[in-house]
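Q: Given the sequences, and given the hints that come with them, work out the whole structure.
Spelled out from the first residue to the last, the chains are:
Protein chains: 2
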Amino acid sequence: MIIDCHGHYTTAPKELQAFRNAQIDGNDNPGPLNISDDQIAETIRNGQLKMQQDRGSDLTIFSPRAAGMGHHIGTAKTSEIWSTLCNDLIHRVVKLFPKNFIGVCQLPQSPGVAPANCIKELERCVKELGFVGCNLNPDPSGGKWIDPPMTDKKWWYPIYEKMVELDVPAMVHVSMSCNPNFHTTGAHYINGDTTAFMQFIMSDIFKDFPTLKFIIPHGGGAVPYHWGRYRGLAQDQKRAPFSELVLKNVFFDTCVYHQPGIDLLTKVIPIDNILFASEMIGAVRGIDPETGHHFDDTKRYVDKAPISAADKQKIFEANARKVYPRLTAQLAKQG
Amino acid sequence: MIIDCHGHYTTAPKELQAFRNAQIDGNDNPGPLNISDDQIAETIRNGQLKMQQDRGSDLTIFSPRAAGMGHHIGTAKTSEIWSTLCNDLIHRVVKLFPKNFIGVCQLPQSPGVAPANCIKELERCVKELGFVGCNLNPDPSGGKWIDPPMTDKKWWYPIYEKMVELDVPAMVHVSMSCNPNFHTTGAHYINGDTTAFMQFIMSDIFKDFPTLKFIIPHGGGAVPYHWGRYRGLAQDQKRAPFSELVLKNVFFDTCVYHQPGIDLLTKVIPIDNILFASEMIGAVRGIDPETGHHFDDTKRYVDKAPISAADKQKIFEANARKVYPRLTAQLAKQG
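Chains as they are written, first to last, in my numbering: chain P, 1 to 335; chain H, 336 to 670.
Since the hints were derived computationally from the structure, they do not count as laboratory data. There could be a bad hint or two in this list.
[Unchecked claim] Going by beta-carbon spacing under 8 Å, a handful of chain P positions derived as facing chain H:
1. N179
2. H183
3. V256
4. L264
Glycine included, C-beta positions come from ideal geometry on N, C-alpha and C.
A: Here is the structure:
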């Protein structure tokens, strides 16, 4: 089985954005969202499911559109209504296509509000909707970076306690940038990944939570390319070796959109810490003129990486089953 | 000749930091800086010059300590006094060791103040001190990113006009982070690099200034590792191919502290766009236990990269002479 751990519902029917636009215009709760199962099925069949089939993956760990989370918009209440709505929509996708999708939730974060406010929605999504993880935004301010770092005990630890209790990992994923310096998918996403990793290696977060798990998407931001820099920075600060410090807890996905990048990732990062992902129908939708294939068809790159078949199986499936401990049982439940 | 295009005076005598501490305490101009030529010579002989000799490079393009620029501290006046002082110190290093060092200046940027205020100091450094380039901080706020992007015409274009007139490039280099989310050398530096590149490819800055040149340090941040992503993002936005859009104007240095990173850089980025650099006695000072050599001894990685001798000569020397058009004449002048 080939598990793509990073997919968003980027193709949702236009009614969803209409609802959101009303929120942006100041109406926190603009009434029920009228989207039929047929509409959902159509967007998935013509979108993510078709891509799965075309490219040869089997299951996508699926969450609401990342740029659409927009935690900086409105208040915590706005964010709560929006997150509930988006998560329910993911749940409907999973119910319609239970063999092909499994849910991950967005959280009702809001700048200036400690993420403990997200515990209720996380519990609901895991316990009631069968979700296996969450997306956690290290910067709910959308590029202003005004809240405390992810290693701040008072601010972040309550949500980590709940994650550990529920045995679900978080993908560290920023949302839309409202800072004109940061292009959302070209700068803010990658910077968020790099920033989080650096926070982790300078903290004792994984001493405090030995089973807490994070996936850093987009191939870990800049981290694998600068792996020597990070090892050296940690060593200069007398931190433990990475094997102890982060590698039981931090994982990188394969959303790197060219062969040399994937080759570096699989060479530098231990295979056990790499999870297959494409974020398809996402940031980059075109065809690479150098290959004739979609930039985000990352399975091709992993297939061609100079690593063993056993290593590829780990990247494609086994690692995801370990990092998302609820995945196997939930899949069985989904039948 | 082997030219290291990225060195900072990180070993300056302690009197310099005492001056700065007084500034930080609120005294903009705490009197003359008393540092003798002997003191300077000693720090260089035991520091950067020794490293040049040990590692086999010949010339360092040398500027004040990047983290020390601290543009967010005090006012534009504070920054002006501090920049003048730091640049004068670089000039003294160059006068003492004219065969081994050539100057690049820091600029008196200040958050909320358009960089046109830096024109005077740039002119002084180039025309009077013989400097061949400048460091330009894309975020003088130190990690708050509150000023306009580098592509904002009203804000940034006046300093670009002066750079073009003087025929000097800028290294895009942030300074100390005062945002607790961003570790200075592990996140803010790399994010600054990535952010600037993304700003460039979404703008017409190089149509407006066909001869303007930037060096993006630290191996271009995350950019080469995500080269497919950047090509794809630009293509989706119907931007011109990179050969037209940025590659006549944007160059990456080799401050990537492990062999696989340098191998990726030299594979993905055209050789004409890569400049040798180490940023030695900088962010990472230890020895890599995997190699037994300093992480920042980047010459070893370039030596071992699977590229031709002619390509290495470009990286080590020829490209720097092109990107810093004043370098060859200034070196002759320095004798």
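Q: Which constraints among the numbered hints does this structure fail? Numbers only, ascending.
A: none
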